[in-house]
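Participant: Listed below, chain by chain, are the residues.
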Amino acid sequence: MPETTFLIQTLVSGVGTGFIYGLIGIGFCVIYNASGIVNFAQGVFVMLGGMITHALLTRAGLPLPLAALVAVVAVALIGVVIERAVVRPLWRRNATMFVMILATLAAQIVIERLTLLAAGDQPKTLPGFSDAAPLRIGGIAIGVQLLWIAGVSLLLVGALALFFARTRTGRAMRACAINREAAALMGIPVARMLGFSFALSAGLGAVAGILITPTQYTAFNVGVPFAISGFIAAILGGFGSALGAFAGGIMLGVAQALAIVLFGAGFKNVAALSILLLFLLARPAGLFGKAH
Amino acid sequence: MAPVLSVEGLSARYGSVEALHPADLALGHGELVAVLGPNGAGKSTLLRAIMGLTPGSGRVRFEGTELPRDDPRAVTMRGVVLVPEGRGIFGPMTVRENLDLGAYLLPGRGGEFAARLEQVFALFPRLKDRQSQLAGSLSGGEQQMLAIGRALMAAPRLLLLDEPSLGLAPRLAAEILETLGRLNRAGLAILLVEQRAPLALKLARRAYLLAVGRIVAEVTPDQIASPHDLARYYFAA
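Sequence order for the protein chains is L and F.
Start counting the first sequence at 2; every next residue gets the next number (this note's numbering).
Start counting the second sequence at 217; every next residue gets the next number (this note's numbering).
Only chain L is shown next, with the shape it has when bound in the complex (with noise of 0.2 Å):
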């Protein structure tokens, strides 16, 4: 049996992998909110994150912070660019969610070989956000990336909900996600909207992507680990819910820390898998969504 000390230690890390989990499986929410659709495309927005700001760090010369805010912009770019080119037309026809679904993994697969092409195999990693040594609290230790990455994940799900509870855009798209057809009678651009979720989930995930990399590593291929991680913190939370997705991954992240911790590295995802299992079979509407 562990020590508490180093318990508690790996809960805390658990906690901080499940803020990008959060994070990620808010921007499922928000596309499939916006449309009804499940982008699975969502993992090459985290991919993205990382590989820009280090190559805008490493080839360009950009300081951090400027190359994670051109990162950010530009993948919310390139998530509109899928929009338009992949989910927009589909849409538009009322392509069933298992197209959507196909389409979009391919769209994941086609921008993840691309970059495999442009950036090469080998992982690469960022540098913390700052140099302070780590915060120590009885016998555990803090890092301080694990708070950077505590804070701005907490400051965006708060500008988020200040964001869909007071902004006239944001009203517009719950708007759409609670009755599309009444949305249009009121006159707002729901095609626009849809374009719009795109950029912003894909500018969390781009978001969650630059966090993560000084902690771990990243490489073209990350995307879709990341990618069913947020989507199962998207279920725990009841799918649509934020507020859901993100407890939803803090849970998971916890439930996979304790998994390596007492049974062993291998059972990190058999965690991950059970905890979806459950939810499925005995609260399928999640945290907080309600039965239906």
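If you're looking for bench data, these hints aren't it; they were derived computationally from the structure.
Small disclaimer: the values here were computed from a predicted structure and weren't measured.
Some hints could be false.
[What the hints assert, rightly or not] To be clear about the criterion: a stretch of chain F counts as covered by chain L if any three or more of its residues have a C-beta under 8 Å from a C-beta of chain L, and this derived list gives those stretches:
1. 271-283
2. 311-321
[As the list claims (entries may be wrong)] Listed next, with one range per pair, are the computed distances between beta-carbon atoms:
3. F/328 - L/156: 28 to 38 Å
4. L/218 - F/383: 36 to 46 Å
5. F/430 - L/111: 47 to 57 Å
6. F/322 - L/139: 36 to 46 Å
7. L/96 - F/290: 18 to 28 Å
8. F/421 - L/107: 35 to 45 Å
The C-beta atom is built at its ideal place from N, Cα and C for all residues, glycine as well.
Given chain L, put chain F in place with the hints provided.
Facilitator: Below, chain F alone, put in the same frame as chain L:
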């Protein structure tokens, strides 16, 4: 002067089924015209086709200019606003948020917005008291008031209503229709689809009768003295 609304040979189909056979109708300035008919006659399809929500062919002119056939947003922007069947309110949002979205096309939240909001609250004082309540928690009558109020926030020059009395108690239905009468007397042109013919005929100057997807007659209220008169037209179709 061109009529407010002029519909020529408008048809609509769901897949291979022609739900509305080519229909002609017109609505003058400040007129309230009813469209009556039994269930499944094609009344909602007619309104949906005018708005461009249901594919079909034919021409729809508003104030002399042709409306697009496949862009409901553009139709709304021109001043033709539909209160849809089933009300289409945003249930998980508050009453106020619903009303705000009604004025989506209005830039800013200045004087004009405030004036429209005041107008809606004057017509439906209950909405003012329930501004922060979730729209889905309102009673059926209040939801219909909200649906109409939200449409008015868009400052329509022609209001289309799809069975506003559906599912309401008779007294409440009469109250809603009386409000529509007041709006019409203030100059708003209204095309009212209703199944409760007696209520609609109290307000309308003319009515089109629809049966099995066709306009079968154009009548004035004095031609419909009893439900038998309506049945006669429907069965003749």
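Participant: Is 36 to 46 Å right for how far apart the beta carbons of residue 322 of chain F and residue 139 of chain L are?
Facilitator: Given a distance of about 57 Å, which is not inside 36 to 46 Å, the answer is violated.
Participant: Do at least three Cβ atoms from the stretch 271-283 of chain F come closer than 8 Å to Cβ atoms of chain L?
Facilitator: violated (count 0)
Participant: Between residue 421 of chain F and residue 107 of chain L, is the Cβ distance one that fits in 35 to 45 Å?
Facilitator: Given a distance of about 58 Å, which is not inside 35 to 45 Å, the answer is violated.
Participant: Three or more residues of the stretch 311-321 of chain F near chain L by CB distance under 8 Å?
Facilitator: holds (count 6)
Participant: Between residue 96 of chain L and residue 290 of chain F, does the beta-carbon spacing fit 18 to 28 Å?
Facilitator: holds, 24 Å
Participant: At the C-beta level, are residue 328 of chain F and residue 156 of chain L separated by a distance inside 28 to 38 Å?
Facilitator: holds, 36 Å
Participant: Indicate whether the distance between the beta carbons of residue 430 of chain F and residue 111 of chain L respects the range 47 to 57 Å.
Facilitator: holds, 51 Å
Participant: Is 36 to 46 Å right for how far apart the beta carbons of residue 218 of chain L and residue 383 of chain F are?
Facilitator: The hinted range 36 to 46 Å is violated for residue 218 of chain L and residue 383 of chain F, with Cβ atoms some 60 Å apart.
In the structure shown, a violation is registered for the earlier hints numbered 1, 4, 6, 8, in ascending order.
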